[in-house]
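Student: In case you want the letters, here they are:
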Amino acid sequence: MRAFFFLTVLMLCGSTAYAEDLPVFNLTLKNHAFVPPELTVPAGQKFKLILANEDPSAAEFESSDLDREKVVPAQGTITIFFDPLDPGIYNYFDDFHADQTTGKLIAK
Amino acid sequence: MFAAALIVFREVLEAALVVSIILAATRGVSGRSAWIASGILGGVAGAALVASLTSYLASLFEGTGQDILNAVICFVAVVLIGWHVIWMNKHGKEIASELRRLGHNIKEGRSHLSMLAIVVGLAVMREGSEVVLMLEGLWSGSSTPLLLGSFLGLILGVAVGALIYAGFTFLPIGKLFRLTNGLLVMIAAGMAAHGANFLVQAGLISAHGRRIWDTSHILSDQDGLGQFLGALIGYIARPNGVEVLGYFLTITLIAGLIFWVNRPSQPLSNNRM
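Taken in order, these protein sequences are the chains called R and X. Quick note on numbering: the working numbering labels position 3 of the first sequence as 29, and the sequence is numbered without any gaps. Quick note on numbering: the working numbering labels position 6 of the second sequence as 767, and the sequence is numbered without any gaps.
To be clear, the hints were calculated from the coordinates, so they are not data collected in a lab. Cβ atoms here follow ideal geometry from the backbone N, Cα and C, with glycine treated the same way. Careful, some of the hints might be misleading.
[What the hints assert, rightly or not] Non-contacting residues of chain X with respect to chain R, defined by C-beta distances greater than 12 Å in every case (computed): (1) 794; (2) 851; (3) 875; (4) 908; (5) 928; (6) 930; (7) 947; (8) 968.
[Claimed, not checked] No farther apart than 20 Å at their CA atoms in a straight line, the calculated lysine to any residue pairs in the SDA-like style are these: (9) R:72 with X:967; (10) R:130 with X:813; (11) R:74 with X:917; (12) R:74 with X:821; (13) R:74 with R:64; (14) R:72 with R:56; (15) R:74 with X:826; (16) R:56 with X:816; (17) R:72 with X:822; (18) R:134 with R:52; (19) R:72 with X:823; (20) R:72 with X:965; (21) R:56 with X:972; (22) R:72 with X:816.
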């Protein structure tokens, strides 16, 4: 069963590029706020988001709209990949401070 | 304080659910409590370890180390849970006596129980590391309400888990194992879906379609019953292609292996009078 999963992953890998040349967008967490609070990205295109956490405590980038959930350590940086999005507004938040730290991704 | 309580409660409940189901699934096996308890302790230690290594992990694999680790944890759990379910079905005919035999058959029993202990440990580790990191983050404020809230969340999570286990004990053992097998298959399927999404998050595979269906207006998976079902049967309100694929592929694979393992050409196992 382990072999099966490995093979499936390989097959799926073959159908996409682990691309180094994707458009890159930067997001920062500072004083428990996303900077910029609204980020515009192109719709219909893969991209990657680099999230830098400048706060002294860990945060978790989470979005049901975007189907993403990832911890970013204090003073750390993470990379999150996104498949092409339909035009629209996507909400995300810091799950560790869900009520105060929110942001929007606007795809157009 | 309540924010901390709620977050800790949710995470603890997800782990407690897996623990209760596995406890119920091993009812009657001697020594299983010790194994499961050590699984929990191992998971707690693992959670603290993962939390402390977060910065290092995040930097691995070009910023996707965490996703890779989470994906590996998910897939390992899928394999171990699947193994247990297939084994239980194979030896299903005289389950109660079989399990007592398992408890006494030290070698076979130990390897089986250690696998389940690992599953428990992985569940605790995954949820626990999030709790540790979140608590670390909130620590910068005043810590007493934080500690109280976390403790409250922990107690409540364990209590609900215990209630669920108690509910299981009312079932006769044959029905109980059928139920726990069914639940474990769905838990495994849900973990496969999550594992697949971690690989998408890491940019290793494409999602192959977003929002295959959208039932978020019927039942959101963000909180309440929807989130509980998410932990129990792997419910996702707006799954992408690989999540759906992972989920149903896992169920099909486990069911297929159960049928294959139980195929009629097998000689009957030793006749127990």
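Student: Each hint should be assessed against the structure and marked as holding or not.
Tutor: Tested hints:
Every Cβ of chain R is farther than 12 Å from the Cβ of residue 794 of chain X; the closest lies at roughly 28 Å, confirming the non-interface assignment. The beta carbon of residue 851 of chain X sits about 15 Å from the closest Cβ of chain R, which is more than 12 Å, so the claim that it is off the interface holds. Residue placement check: residue 875 of chain X keeps its beta carbon more than 12 Å from all beta carbons of chain R (closest about 17 Å). At roughly 16 Å from the closest C-beta of chain R, the C-beta of residue 908 of chain X stays outside 12 Å, upholding its exclusion from the interface.
Against chain R, the non-interface label of residue 928 of chain X holds: every CB pair exceeds 12 Å, the least being about 30 Å. At the 12 Å boundary, the C-beta of residue 930 of chain X stays outside the reach of chain R, the nearest C-beta of that chain being 31 Å off. A cut-off of 12 Å between C-beta atoms confirms that residue 947 of chain X is not in contact with chain R; the least separation is 17 Å. For residue 968 of chain X, the shortest C-beta to C-beta distance to chain R comes to about 5 Å, within the 12 Å cut-off, and the non-interface label is violated.
At roughly 10 Å between alpha-carbon atoms, residue 72 of chain R and residue 967 of chain X fall within 20 Å of each other, so this suggested pair holds. Note on residue 130 of chain R and residue 813 of chain X: the hinted pairing is violated, with a Cα-Cα distance of about 30 Å set against a maximum of 20 Å. With a C-alpha separation of about 39 Å, the suggested pair residue 74 of chain R and residue 917 of chain X falls outside the 20 Å cut-off, and the hint is violated. The hinted pair formed by residue 74 of chain R and residue 821 of chain X meets the criterion: a straight-line CA distance of about 16 Å does not exceed 20 Å.
The hinted pair formed by residue 74 of chain R and residue 64 of chain R meets the criterion: a straight-line CA distance of about 16 Å does not exceed 20 Å. With a C-alpha separation of about 26 Å, the suggested pair residue 72 of chain R and residue 56 of chain R falls outside the 20 Å cut-off, and the hint is violated. As the CA atoms of residue 74 of chain R and residue 826 of chain X are separated by approximately 15 Å, the hinted pair is consistent with the 20 Å bound. Taking the CA atoms of residue 56 of chain R and residue 816 of chain X, the gap is about 17 Å. The hint holds against a cut of 20 Å.
Between the alpha carbons of residue 72 of chain R and residue 822 of chain X the distance comes to roughly 19 Å, so the proposed pair stays at or under 20 Å and holds. Only pairs whose Cα atoms come within 20 Å are accepted, and residue 134 of chain R paired with residue 52 of chain R is accepted, the gap being roughly 17 Å. Proximity of residue 72 of chain R to residue 823 of chain X is assessed by CA-CA distance (about 17 Å); at most 20 Å being required, the pair is judged to hold. The suggested pairing of residue 72 of chain R with residue 965 of chain X holds, with an alpha-carbon distance near 12 Å, which does not exceed 20 Å.
Between residue 56 of chain R and residue 972 of chain X the CA atoms are separated by roughly 31 Å; this puts the pair beyond 20 Å, and the hint is violated. For the proposed pair residue 72 of chain R and residue 816 of chain X, the alpha carbon gap of about 26 Å is over 20 Å, so the pair is violated.
When each numbered hint is compared with the structure, violations occur for hints 8, 10, 11, 14, 21, 22.
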